[in-house]
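Using the sequences and the hints given, assemble the complete structure.
Residue numbers (my numbering), protein chains in the order written: chain A, 1 to 266; chain B, 1 to 48.
It is worth saying that the hints were derived from the structure and are not from the lab. Heads up, a few of these hints could be off.
Claimed, not checked - With the C-beta cut set under 10 Å, the calculated list includes, among others, these residues of chain B facing chain A:
1. Val9
2. Pro11
3. Pro12
4. Phe13
5. Asp15
6. Asp27
7. Gly28
8. Tyr31
9. Phe32
10. Ile36
11. Asp37
12. Gly38
13. Gly39
14. Phe40
15. Tyr44
To be verified - Listed next, with one range per pair, are the computed distances between beta-carbon atoms:
16. Thr116/A with Ser5/B: 41 to 51 Å
17. Leu16/A with Asp37/B: 39 to 49 Å
18. Asp27/B with Thr43/A: 38 to 48 Å
19. Leu16/A with Asn18/B: 44 to 54 Å
20. Gly155/A with Val48/B: 32 to 42 Å
21. Ile6/B with Val124/A: 37 to 47 Å
22. Ala109/A with Glu46/B: 11 to 21 Å
Backbone N, C-alpha and C fix where the C-beta goes; we use that ideal spot for every residue, glycine too.
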Amino acid sequence: MSITTLDGIIGGVDQLRSYGKASSTAKAAGTFQSLWLTAGQPTSGTAPAVATMAIPTNATTGAFYFTNPTSPALTYMSKVSLTASTIGTMIIYDRVGHSGILNGTLTTAQAVNGSTIDRNYTGVLGEDVEMFVEWYTATGATASNITVSYTNEQGVSGRTTVSTAFQATPVVGQMLPLPLASGDRGVQSVQSVTLSASTGTAGAFGITLVKRIAEIPITIANGGVVLDPFALGMPQIKDNACIAMMVLCSTTSTGYITGTINLVQG
Amino acid sequence: MQVGSIVKVLPPFGDTYNGTYTIVAIDGDTYFLDGIDGGFCADYLEVV
Numbered sequence: 001m002s003i004t005t006l007d008g009i010i011g012g013v014d015q016l017r018s019y020g021k022a023s024s025t026a027k028a029a030g031t032f033q034s035l036w037l038t039a040g041q042p043t044s045g046t047a048p049a050v051a052t053m054a055i056p057t058n059a060t061t062g063a064f065y066f067t068n069p070t071s072p073a074l075t076y077m078s079k080v081s082l083t084a085s086t087i088g089t090m091i092i093y094d095r096v097g098h099s100g101i102l103n104g105t106l107t108t109a110q111a112v113n114g115s116t117i118d119r120n121y122t123g124v125l126g127e128d129v130e131m132f133v134e135w136y137t138a139t140g141a142t143a144s145n146i147t148v149s150y151t152n153e154q155g156v157s158g159r160t161t162v163s164t165a166f167q168a169t170p171v172v173g174q175m176l177p178l179p180l181a182s183g184d185r186g187v188q189s190v191q192s193v194t195l196s197a198s199t200g201t202a203g204a205f206g207i208t209l210v211k212r213i214a215e216i217p218i219t220i221a222n223g224g225v226v227l228d229p230f231a232l233g234m235p236q237i238k239d240n241a242c243i244a245m246m247v248l249c250s251t252t253s254t255g256y257i258t259g260t261i262n263l264v265q266g
Numbered sequence: 001m002q003v004g005s006i007v008k009v010l011p012p013f014g015d016t017y018n019g020t021y022t023i024v025a026i027d028g029d030t031y032f033l034d035g036i037d038g039g040f041c042a043d044y045l046e047v048v
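So this is what it looks like as structure tokens:
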């Protein structure tokens, strides 16, 4: 079953969830900043305690809580309202996989492995899934490069991300997008991470796999914006999705962010 | 290897940086190459 009419939106089972996140220190304009560890509502998540890829869900601390629909009903995002004290772009995403405790001083391949993602948004598992580095404790100041070995959306293992400059002196919560190998359209799983040089400080970082759901432009500080079902495109939310947020920053802080999300099921 | 040496970058980084590069600075165990932002340890470089 699916929602295909306005009556379906109006008559569907609605779950309203409010959110409010404290301002986080960001690295700079043009960087991504995760709100996973940021205090507020939903309550802050925790840094993954192992390097192994895990599959967070709607029951994981830090995620928006929602109740899965009764099959065959589906869940959609039908409205988002947002007010933020700093200009930027808020990205709402399903955190389809995450890992942690990777070391910023090791130059050998660090194993990740673990789970293959299990939420299939497009009919091709892993398609449209993006890969980010996420810092849980800052690594060091020496500039290096990073590559990640992964399995793409076709199930082909041994793929390698384009070598990317690893952020020197990152801030906690910073996220760094990693371009996939030419021709790849997504990620099913991650095998290992390699740094080209020691950053000088172990810190702790992980790989986060992201399936974007919506982007909300924040063009006026404290101005507020509401996106209705048509502006959002009624993106589907998979059962058990770990809905989380990050910000594409315009400055060195995210600003206070608050609003509501409506999920409709039918 | 020293400043001025010509090197190639080994896999997995060599998949992206597949030319030859000049070492322009050395900081401890980290070598910096002309035109590449981040440094490399010796394990990923080979003098040509």
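task = Please flag the earlier hints that this structure goes against, numbers listed from lowest up.
result = none
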